[in-house]
Every structure is written in structure tokens, then in C-alpha cells.
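A.B. asks: Sequences listed follow chains A, B and C, in order.
The first sequence begins at 2 in my numbering and counts up one residue at a time.
The second sequence begins at 225 in my numbering and counts up one residue at a time.
The third sequence begins at 7 in my numbering and counts up one residue at a time.
Calculated directly from the structure, the hints in this document are not laboratory data.
Note that the structure is predicted; figures quoted are calculated from it, not measured.
A couple of the hints might just be wrong.
As the list claims (entries may be wrong) - Okay, the calculated beta carbon distance ranges per label pair:
#1 C:189 <-> B:449: 17 to 25 Å
#2 C:206 <-> B:312: 20 to 28 Å
#3 C:189 <-> B:342: 30 to 38 Å
#4 B:449 <-> C:206: 32 to 40 Å
#5 C:45 <-> A:7: 51 to 59 Å
#6 B:252 <-> C:206: 29 to 37 Å
All residues carry an ideal CB built from backbone N, CA and C; glycine is no exception.
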Amino acid sequence: MATTTLETFRCMMCGHEYQESVEKGEDKERSCPKCRSNSIRHLKKKAVSDQRSAKTT
Amino acid sequence: MPSTYVLNMNDCLGNNPIACGKCAEACEQNAINYDDHDEILTREIGAIIVAIGLDVYDPTEMDEYGYTRFDNVITSMEFERLICAGGPTAGHFVRPSDQERPKRIGFVQCVGSRNPKIGRPYCSNICCMNTIKDTLLLADHYPDVQNTVFYQDIRASGKSFEDMFQRSKEAGTRYIRGLPGEVEEDPETHNLTVTVENTTSGSLERHELDILVLSVGVQPPKDLAKISSLLTLSKTSDGFFMESHPKLKPVDAPTRGVFFAGFCEAPKDIKDSVCQAGASASRAGALLNTGRIQIEAITSRIDEQACMKCGQCAAVCPYGAINWKKGEVAVVVEAACAGCGACGATCQFDAITMRHFTDDQLIAQVRALLELEPQDKVVVFACNWCSYAGADMAGISRIQYPASNRVVRTMCSARVSEEMVLEAFRCGAPVVLVSGCHYADCHYINANRQTAKRMQRLWDKLEKAGVRPERLQLEWISAAEGQKFAEVMRQMEELRKTVTMEEIEHTRHALQPKHKKIPEKKTATAGAR
Amino acid sequence: MVAPKPLEDEIRIGVFVCDCGLNIAGAVDCAAVTVFAKALPGVVCAVRNKYTCADPGQNEIKDAIRAHKLNRVVVASCTPRQHEPTFRQCVREAGLNPYLMEMANLREHCSWVHPGNREGATRKAMDLVASAAARARFLQPQQELSVPVTKRALVIGGGVAGIEASLQLADAGHKVVLVEKQPSIGGIMAQLDKTYPTMDCSI
Numbered sequence: 002m003a004t005t006t007l008e009t010f011r012c013m014m015c016g017h018e019y020q021e022s023v024e025k026g027e028d029k030e031r032s033c034p035k036c037r038s039n040s041i042r043h044l045k046k047k048a049v050s051d052q053r054s055a056k057t058t
Numbered sequence: 225m226p227s228t229y230v231l232n233m234n235d236c237l238g239n240n241p242i243a244c245g246k247c248a249e250a251c252e253q254n255a256i257n258y259d260d261h262d263e264i265l266t267r268e269i270g271a272i273i274v275a276i277g278l279d280v281y282d283p284t285e286m287d288e289y290g291y292t293r294f295d296n297v298i299t300s301m302e303f304e305r306l307i308c309a310g311g312p313t314a315g316h317f318v319r320p321s322d323q324e325r326p327k328r329i330g331f332v333q334c335v336g337s338r339n340p341k342i343g344r345p346y347c348s349n350i351c352c353m354n355t356i357k358d359t360l361l362l363a364d365h366y367p368d369v370q371n372t373v374f375y376q377d378i379r380a381s382g383k384s385f386e387d388m389f390q391r392s393k394e395a396g397t398r399y400i401r402g403l404p405g406e407v408e409e410d411p412e413t414h415n416l417t418v419t420v421e422n423t424t425s426g427s428l429e430r431h432e433l434d435i436l437v438l439s440v441g442v443q444p445p446k447d448l449a450k451i452s453s454l455l456t457l458s459k460t461s462d463g464f465f466m467e468s469h470p471k472l473k474p475v476d477a478p479t480r481g482v483f484f485a486g487f488c489e490a491p492k493d494i495k496d497s498v499c500q501a502g503a504s505a506s507r508a509g510a511l512l513n514t515g516r517i518q519i520e521a522i523t524s525r526i527d528e529q530a531c532m533k534c535g536q537c538a539a540v541c542p543y544g545a546i547n548w549k550k551g552e553v554a555v556v557v558e559a560a561c562a563g564c565g566a567c568g569a570t571c572q573f574d575a576i577t578m579r580h581f582t583d584d585q586l587i588a589q590v591r592a593l594l595e596l597e598p599q600d601k602v603v604v605f606a607c608n609w610c611s612y613a614g615a616d617m618a619g620i621s622r623i624q625y626p627a628s629n630r631v632v633r634t635m636c637s638a639r640v641s642e643e644m645v646l647e648a649f650r651c652g653a654p655v656v657l658v659s660g661c662h663y664a665d666c667h668y669i670n671a672n673r674q675t676a677k678r679m680q681r682l683w684d685k686l687e688k689a690g691v692r693p694e695r696l697q698l699e700w701i702s703a704a705e706g707q708k709f710a711e712v713m714r715q716m717e718e719l720r721k722t723v724t725m726e727e728i729e730h731t732r733h734a735l736q737p738k739h740k741k742i743p744e745k746k747t748a749t750a751g752a753r
Numbered sequence: 007m008v009a010p011k012p013l014e015d016e017i018r019i020g021v022f023v024c025d026c027g028l029n030i031a032g033a034v035d036c037a038a039v040t041v042f043a044k045a046l047p048g049v050v051c052a053v054r055n056k057y058t059c060a061d062p063g064q065n066e067i068k069d070a071i072r073a074h075k076l077n078r079v080v081v082a083s084c085t086p087r088q089h090e091p092t093f094r095q096c097v098r099e100a101g102l103n104p105y106l107m108e109m110a111n112l113r114e115h116c117s118w119v120h121p122g123n124r125e126g127a128t129r130k131a132m133d134l135v136a137s138a139a140a141r142a143r144f145l146q147p148q149q150e151l152s153v154p155v156t157k158r159a160l161v162i163g164g165g166v167a168g169i170e171a172s173l174q175l176a177d178a179g180h181k182v183v184l185v186e187k188q189p190s191i192g193g194i195m196a197q198l199d200k201t202y203p204t205m206d207c208s209i
């Protein structure tokens with residue numbers, strides 16, 4: 002049972018903002034899906050609600 | 225193929241002799257041991273040679289060749305078994321569909337090589353010569369065969385290779401420049417028809433064949449990633465191991481005491497593998513003969529007086545080299561410390577000195593770089609193993625980029641503290657880049673995760689202070705990525721141009737330390753606790 | 007921060023600017039960089055060499071250490087990833103702790119990547135030298151930890167390369183542990199029938 006949350010990221014190079022579900026404790030190199038930059042800022046959760054996923058991984 | 229029998233433990237019932245145990249009865253030598261099992265052995269080692277070889281490319285994804293659909297399309301590895309006297313057909317070359325001997329034999333080159341579309345842009349090095357060898361073997365065994373080779377370039381550059389190529393042509397092998405676009409099978413005869421654009425004559429040709437051999441390329445072995453992270457090695461863009469220097473240290477790994485032999489470093493044939501094995505044995509032997517080695521004096525030290533006993537340093541140490549218990553001063557185990565400096569950058573009380581990469585030294589560098597006309601400069605923090613080496617690679621490859629960047633080297637990007645970045649901005653840097661190894665390549669297990677976390681805090685801090693956070697950038701650049709380093713430098717230069725003098729002035733003031741955490745205040749902070 | 011700010015009069019830095027033939031001098035005005043270096047705080051001598059890593063260049067460093075009583079050395083040449091051991095050894099031979107030597111990378115990071123921009127490359131080279139000299143002022147002698155080498159090699163993989171490496175090491179009198187994940191050694195080569203260029207069997 003893995004806990005995943007929907008998180009918001011912003012690329013500090015091109016400004017692209019996107020959401021991705023993130024598994025708790027995951028250790029992953031991030032790059033912008035648009036420009037491939039690694040300057041990915043994790044935006045603080047505001048209205049994004051945590052969701053418990055039942056899917057096992 | 226083991227030379228003696230082994231029990232296949234997944235299928236053997238032998239652990240329970242009542243169930244079977246027939247082989248033990250039959251073996252007069254009592255050589256069967258049902259209780260034998262995998263063991264974990266511990267040995268101390270002074271040098272390591274990595275010779276984990278290759279995986280052969282599986283052509284299933286290249287459906288145009290029909291490998292999974294047509295019986296008579298085989299790979300070059302399967303060909304080896306079919307022509308081998310010790311193989312399933314006792315060396316009689318027959319085709320799978322009807323066990324008849326094929327006369328019209330086709331070879332397709334570069335299956336899984338030199339094909340960027342499937343992510344395999346590199347040349348597998350051995351397949352041209354292997355096919356030439358196969359055509360000679362066939363012509364020798366069966367004078368009536370007609371061999372046809374479809375190729376893009378024939379690479380026969382080794383000693384006596386060109387001679388073999390010429391002999392293959394003299395033996396009647398047709399070489400057609402062009403890779404087949406399509407393979408069809410006659411459902412009755414199971415013969416194959418290959419459609420190919422002959423790029424020498426410019427014509428579209430159809431060739432009927434009895435069997436088609438896919439000259440499959442090679443790829444980095446599956447286990448490479450595992451070995452790589454175990455020994456903190458890096459990969460080049462083709463996925464094979466990266467050597468310490470492409471010309472001058474071709475068998476040394478960047479990790480001291482580790483050497484490469486054979487395919488896992490780059491595609492190579494048997495002769496080259498043997499050569500490289502000899503070279504790495506000699507390098508490893510030299511190390512074993514030295515008796516003692518010196519460890520670079522880049523380790524961390526904790527000032528007991530200044531330590532606030534918070535344990536933050538122990539929490540970020542990837543090596544568990546810092547002993548700390550609640551309420552006690554942290555202690556570094558020097559022999560276990562690898563020198564990444566994550567602890568030094570994390571300590572908020574200036575209690576940690578990273579030998580040879582001290583705060584003083586690094587801050588002095590930043591200040592010196594920005595003393596004159598800082599607005600023209602891009603400050604780059606680069607880790608020794610990957611991004612600094614990537615910049616070196618750009619140099620070795622003579623890739624040009626704007627001359628605005630100024631590199632400060634640390635052993636690991638995790639050494640770059642918030643203070644160093646903020647100081648660069650205070651000194652008037654328009655933009656700052658922090659760069660380190662890719663996650664899989666980190667030379668300090670996972671110290672660069674601390675870099676990533678620190679960047680998040682810095683972006684928050686900059687934004688809070690009214691400084692555009694995008695003036696601080698982060699990139700993971702490997703030692704092989706000279707191209708990427710140059711490209712990032714171009715982007716940083718573009719970004720630099722967007723920063724105005726007013727902005728820089730504002731930043732200088734906005735980031736002035738409020739009242740804590742500047743070196744002189746250390747004792748005051750310590751006293752307050 | 008443990009190391010106290012060094013006293014200015016204690017610091018005596020020598021800067022050695024390498025032409026590297028035309029590798030550096032072709033894109034960077036090394037003469038100007040040398041003049042610039044001489045004026046940096048703590049620098050007591052700045053010398054330009056044709057090839058600092060060659061014997062004459064190294065001898066110049068050693069002579070200067072003695073003549074000018076240098077206690078810090080900055081070599082402005084190539085990447086420390088290549089020649090840091092060379093120059094550390096050089097200053098050690100002249101009686102200086104090897105950690106009192108610092109390098110500025112004027113080749114891989116400068117001349118080789120800015121060949122068409124002499125002005126920009128020279129400015130950058132000056133900054134890199136200034137940065138190295140500033141850092142040099144804070145360098146401290148360090149003692150390296152010496153550890154014994156276990157006299158046994160591990161060879162991972164029992165294909166032709168692993169077997170050959172193991173045999174050669176064993177022939178040289180070293181203990182070798184060869185690990186192979188398959189039940190037998192031989193690897194890919196053992197699966198081949200005949201091999202080029204000799205056309206003989208693989209096993």
C-alpha cells in the first residue's frame with residue numbers, strides 16, 4: 002500500500018507548471034516535461050487535497 | 225554451458241530423496257550434493273575489475289523484420305548455435321521451418337545498432353565482422369550457398385579485417401547497401417521476401433531468401449545499474465560504463481581502485497577485450513603492489529565547542545560516518561567519511577569544517593569571481609565528479625559556449641551551502657547555477673538529494689526576499705554530458721541577460737543577513753543557547 | 007568556521023600561468039593574465055610557462071618556492087582532474103604541503119571552449135586565477151590518511167575479459183576472487199561457434 006499525493010511543480014527555467022502524483026518517500030530525479038530542465042520547484046500544497054490511493058506498487 | 229552437470233534447483237525434487245534422488249543413486253562418484261545452496265561469502269578486497277559484459281539486443285520491437293512472426297528469421301546468436309558442431313543440429317545448418325538446408329541466406333546489419341529511433345545510436349562494433357565471418361563459414365561449408373548482406377556501412381577497420389571482407393566478396397557474398405524496409409513470408413514455402421532500397425543503385429529491390437539472419441547489436445548488461453550504484457560508477461550516453469579519461473585512463477573507473485575490462489565499458493571484440501583485461505589487470509596489480517595508499521585529506525571535522533548537538537549533520541551523512549546521540553556532541557569517524565561535505569553545508573552553527581573545502585575558501589572564491597563587473601557573470605557551482613567533469617568534457621570536445629560562466633568546484637553539490645549561494649547574489653551575481661551528478665551517478669551514495677532539498681529552501685527564501693527565484697537554477701550534468709553543460713551555459717547566459725542592474729542592486733540589500741548566522745556572530749549564537 | 011582569517015603578511019603566493027603550447031595561449035592572453043596575477047593580494051611572484059607540467063615548468067615552481075619563500079602555489083593551467091596529482095607532488099618535492107597548491111582551469115574551462123573570444127576568455131582566465139588565489143589564501147596544510155591495501159582482487163564477470171584479467175593477476179602472484187552469476191564461466195564468447203579474425207572455435 003503506497004501513499005501517493007498529487008503535487009504541483011514549476012520549472013524554474015521555462016515556467017511550465019504541472020502536476021504529478023508523488024509516492025511517499027520516492028527518490029526521483031525530476032526534469033521538466035517541456036524543456037527538460039532539472040530546476041524543478043516543488044510548490045507548496047494549497048488547494049491540492051491529499052488522496053490515499055489503494056493501488057499497490 | 226557448464227562443463228559439468230549442475231542441479232537446476234527450481235526443478236529438482238532432490239531435497240526430498242523420497243520423491244526422487246535417482247541421480248544420486250546413479251552417480252558412482254557420489255558427486256551429488258542436494259544440500260548445496262547459495263551462500264554469502266565475505267572477502268576483503270583491494271582492487272576490483274568490472275567485467276560484466278553485455279546483453280544481446282532482442283529484435284522483437286523491430287517488427288518490420290518479422291522476428292517473432294516468421295520461423296526463418298533468426299538472430300546472429302541463434303545462427304551461432306545452428307552452425308556449431310556442439311549445437312542442437314550437430315553443426316548441420318538447417319532452417320527452423322522445415323529442417324532443410326537453406327541456400328539463399330540473407331544477413332541484415334545494424335539490427336539494434338546505429339538506430340537513434342529506438343534509442344540505440346551507437347555502433348555495436350562487432351556485428352560487421354561477425355557477419356563477414358559467418359559468410360565465410362557458410363561459403364566454406366557449403367559451396368552452393370548464396371549469401372546476401374544488407375548493410376549501411378561495413379566497418380572492417382581492425383587488423384586483417386579488410387582482408388576478410390575482401391575474401392567474403394571473393395567467395396561470392398553480395399553486399400547490398402541498404403537496410404530492408406519490409407520482410408514478407410510465403411505461407412506455403414516459408415521462404416522470405418525482403419524489400420530493400422539499394423542506395424548504391426538507387427533502385428527498389430526484392431530478394432527471395434530461404435533464411436534471414438538478423439545481425440543483432442549489443443547493449444549494456446541489465447546488471448549494469450546495480451553494479452554502478454554499488455561502486456558509484458558513471459555511464460556514458462550509450463549506457464556503458466564511463467572511464468576516468470577517454471584517452472589517458474581508458475581502463476580506470478572514476479572510483480579509485482576500480483577498473484574496467486571488456487564490453488561493459490564499450491562495445492569491443494574479443495581481441496580488444498583481452499587487451500583491456502590485460503591493461504586492467506596490470507593497473508589493479510600495480511595498486512595491490514603499493515601496499516598502502518593515501519586517502520585525500522578531504523574529510524569533515526566537528527568543532528566540539530561550536531556543536532549545538534542538534535544531530536542535523538548525522539541525519540544527512542550518506543555514510544553514517546557521524547556518530548551522534550541526543551544531547552551529545554557529534555563526532556566524525558574519519559575513516560568512514562568520504563568527504564562530500566553535506567554535513568558542512570547543513571550545519572547552521574558553523575561547527576563543521578570540511579577540510580580543503582572550507583566555507584572560508586569557497587566564499588573567498590565566490591567573492592573574488594564577482595569582484596569586478598559581477599553583472600556580466602554566471603556563477604556555477606559544479607561537483608568534482610560529474611558536472612565539473614562535464615565541463616571538462618565540453619572542453620575536451622571543443623564545444624563552444626558563452627564566456628560568462630565562472631565555475632566554483634566542490635567535491636559534491638551537497639557541499640554548496642545556502643550561504644554560498646546567497647553570498648553570490650549579495651556580491652551582485654545576476655544568476656547562479658548549482659550543478660551535480662544525476663541521481664543514479666552521485667559519487668557520495670545519495671548526498672545530492674540534500675542539494676535538491678536545499679534548492680527548494682533557497683527558492684522559497686529568494687521569493688520571500690522579493691528576488692526572482694528563477695535566477696537560481698539547478699542542473700544534473702554527468703561527466704559525459706559536455707553537450708548538456710554547454711547548452712546549460714547558453715541558457716544561463718540568456719537568463720543572465722534578463723536580469724537588470726536595478727534588480728541586482730535590490731538583491732544585494734534584500735539578502736543582507738538580518739542578525740544571525742554570519743561567521744563573526746558564531747560565538748554570540750553559541751552563547752545564547 | 008575553524009580556520010581563522012590568515013594574516014596578510016604570512017601569505018606568499020606564487021602564480022604559474024601555463025601557455026600549454028597554444029592550447030591556452032592560443033585563446034587567452036597569458037601575458038596579461040600573468041601581469042594581472044602579480045597584483046592580486048598575497049601574490050609575491052607570477053610566472054608564465056610554456057608547459058608548466060613539463061620538467062622545466064615544474065623546476066620553475068620549485069625554484070620559486072625557495073627563492074620567494076612561497077607558502078602557497080597557484081597553477082593556472084588545465085583541469086585539476088588531470089594534473090592536480092602532478093603539481094601536488096611537485097610542491098611536495100619543494101618542501102610544501104601538497105594541499106597548499108591550488109589550480110585554475112584555464113584550458114578545459116576556458117581556452118578550449120572560447121577559442122574565438124580572446125577578450126572574453128582572457129577576462130574569464132583572470133577571474134579564475136583571482137578565485138584560485140583567493141582560495142589559496144585560506145588553504146591549510148593537510149595530512150592524508152594512509153590505509154593498507156588488501157592484497158586481493160575481485161573480478162566481477164567470468165566472460166573472456168574477466169577470465170583473462172583474473173589469469174593475468176593470478177600469474178602476477180595476486181589472489182583473485184572471480185564471481186560469475188551463471189553456473190559456468192565463459193560468458194557470451196562460449197556461446198559462439200567460430201570467432202573472427204582467426205576463424206577458430208571460441209572455447
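A.B. asks: List in ascending order the numbers of the hints, as given earlier, that are violated by the structure.
C.D. replies: Hint check: nothing fails, all pass.
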